[in-house]
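Chains as they are written, first to last, in our numbering: chain A, 124 to 593; chain B, 0 to 284.
Don't read these hints as lab results, they were simulated from the structure. A few of these clues could be false.
Using 20 angstroms as the maximum straight-line C-alpha spacing, the simulated EDC-like pairs for lysine to aspartate or glutamate come out as follows [said to hold, decoys possible]: (1) A:Lys349 <-> A:Glu332; (2) A:Lys271 <-> A:Glu238; (3) B:Lys179 <-> A:Asp410; (4) B:Lys179 <-> A:Glu433; (5) B:Lys179 <-> A:Asp426; (6) B:Lys180 <-> A:Asp412; (7) B:Lys180 <-> A:Glu429; (8) B:Lys83 <-> B:Glu234; (9) B:Lys180 <-> A:Asp425; (10) A:Lys271 <-> A:Glu232; (11) B:Lys179 <-> A:Asp412; (12) B:Lys179 <-> A:Glu429; (13) B:Lys179 <-> A:Asp425; (14) A:Lys274 <-> A:Glu232; (15) B:Lys180 <-> A:Glu415; (16) B:Lys180 <-> A:Asp426; (17) B:Lys180 <-> A:Glu433; (18) B:Lys179 <-> A:Glu415.
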Amino acid sequence: MSGELYAIGVDHRSAPVELREQFAVADDDHARILAGLRERAGLSEAMLVSTCNRVEIYGVAGGVFAPERVLPALAELQRADGEAIVDHVFVRAASDAARHIFRVTSSLESLVVGESQILGQVKDAFDRARDSGTVGPVLDRCLSLAFKTAKRVRTETEIARGAANVSSVAVELARSIFGELGGCMALVVGAGEMAEGAAVHLRTGGVAEIAVVNRSAPRGVALADKVGGHYEPWERLAAQLARADIVIASTGAPHPVIDRALLKPVIRSRRGRPLFLVDIAVPRDVDSDVTELPNVYLYNVDDLQEIVHENLRTRRGEADRAGAMVDEEVGSFVQWMRTRAVGPLLGELQAFGRDVVDAELERLVRKLGAVGPEQRAAIEQMGRAIMQKLLHRPMSNLRNAHEHAVIPTAMLAEALAALFELGPRAGDRRAPPEARIPQATPEDATAAAALAPTTDVLAPMSAPIREGTG
Amino acid sequence: MRRAGCGVHRDRAQLRHAMILLLFLLAALAYGAASFAYGADTGEPRDGQLPAIRRRARPLLIAGTVAHLLLIGLQCVDGDHPLKNIFLATSFGALVTSFGYLALSRARPLDAIGTIVAPFGLGGLALGVVFSSVNAKTLPTGGAIASAHVGFASAGLAGFTLAAAVAGLYLVTERRLRRKKFRPGTPTMSLTGLDRLHHRLVLLVTPIFTLAIVTGVLWILQAGGPHMLRGRVFEIVAAAIAWGASVALLVTRAAWGSRGRRSAWLTISAFLAVLLIVISYGVRG
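Model the full structure from these sequences, guided by the hints.
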């Protein structure tokens, strides 16, 4: 039998960041850790996902495997405190593990549901594991399907719709006003941490030019350098407002620094160009009466937060639909695992059936003497048809069994192997067919006689069997 | 022989009428379904079913427009050409509007405007088929000038309809942004994109509309002399308002860069004035 799939680890729900960070694995360290895990924890396949919200090991193990050994092994390799983490570790196996991997990849287990980074992070982790040679057929299949599912979830649901942080919402709003931001100029008023975050987002969003206006020149220059912009002294605020399309205001001033009196002449000089003001300062930097001026759009931090909350509500609403999609895809993976696990056994069962038919056919031909090729083909066809019909139901039941059934897959497979003497216990596979064919008892012969078909075609077939087993 | 020829002619006319009826039903169904499909997706997205409905809107509008075009072709063969009366001319104008919208929206997210264009196409179609036969007020014939006037006027109506629809969408989007009701990420054109588009449409349609006014005046003078102009004071004033609004938009934009709400309202005013002219023609004949 092939191994079981496991997902073992800690995430933002199960462990605080102080514990997670002890186990976080640097990108360069993946190969060493994966090799160590295979050796110490007994995993035949393994990959490691280490992000700021989770440290998880996806692996395959067969036979006697103790999943609780995995995290201590990782702790040992990372020289971290293994005892502290024990109560925070989750272990998922088989279809639960597959579901977990699919949900993580589809961003359903993320802190911000629907965020796009996790897919890239899992892909990177998978590539690193493949480069380290620790990916086998199970993880390969599982992750390929998980990536496909994540893509489906993103395109068929609205789980990734709308920005989930204030800076991204500001960039999206700017796009709603100006379209592509390539031709836009952004003005950052203030040089604090919030201003920096917004400026970075705008730069990523494609803004062509960023000017930083700040009362303190050194801080302003430092921020301008950091975001690839240029510094302008505070006295040039009005002049820069006349040029800018997007203004991010984030000073520490106790009163508004941009008001209607300042903006009115500026707006006149702008010849109707829209001005998008984003006020992320508390206390506010932009007086609310500027919205009375034409073509001025002002959003403060509360307005942006409200949009973020609405987007997150939508995402959470979509999570159920996405979860149903994940379950559907997990089902197809589990089916593949099941077929893969019992595939060799079913092959052996069919080979056994074929051997029985061939042996009985030879015996019959020897007994009957002159049998023409057409008759031989007809007898052979009938023998194979009976064999297929007899084996169809047990094979189908085994293929469709699952681990939560009354008789789980593994037990059914064991029983089948034992009853038909298949697999390693069947002894020498090269033994003559007769040696492996169950010999009928006299009671079986009587029953066979009672059930023997009366048609001419079947009569010669049933007679030698009775004879051979008698 | 003559009787047989008449019979064939009558059979062909009957076939044409049957085809016109069939095309009318097809076009009406397609326009109606397109109106529903476009309307279903305006505003906030609500559930996963809507995008699928929305995806069908454009093919439905294309189907309606093609059936409408074939219908107008058959009507022309039947002698009911767009120059014949105001209803047929309006139907032709609605067809040009649909074509114009389909061309404009090929590479631009202008679905919201489909909610106006598709019902407009349906209305024009109904006017051209249902009402033209009931109350066909024949326009005075004037040869080439009349044809040119109706052609320019239909194109002008189509252009102003599209420009006003874009300007209307601009105003709605602008209002939502100003009131902080706009949800970023909504698949629609940006505010500046809408502003630019309706300005370009007005830039394109103003010379056409100017030609429509000139040929209209010439047609009236040709048909009945200067005293006929006195009977058309309402239409002349409305045309002057429409022309004045569109020229004001273009001049203020070129001279002072004026844009935004004021420009959008000028475009809508021009369209409303053109609509009044069409209604006046429809009512008075």
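Does the structure break any of the earlier hints, and which numbers would those be?
none
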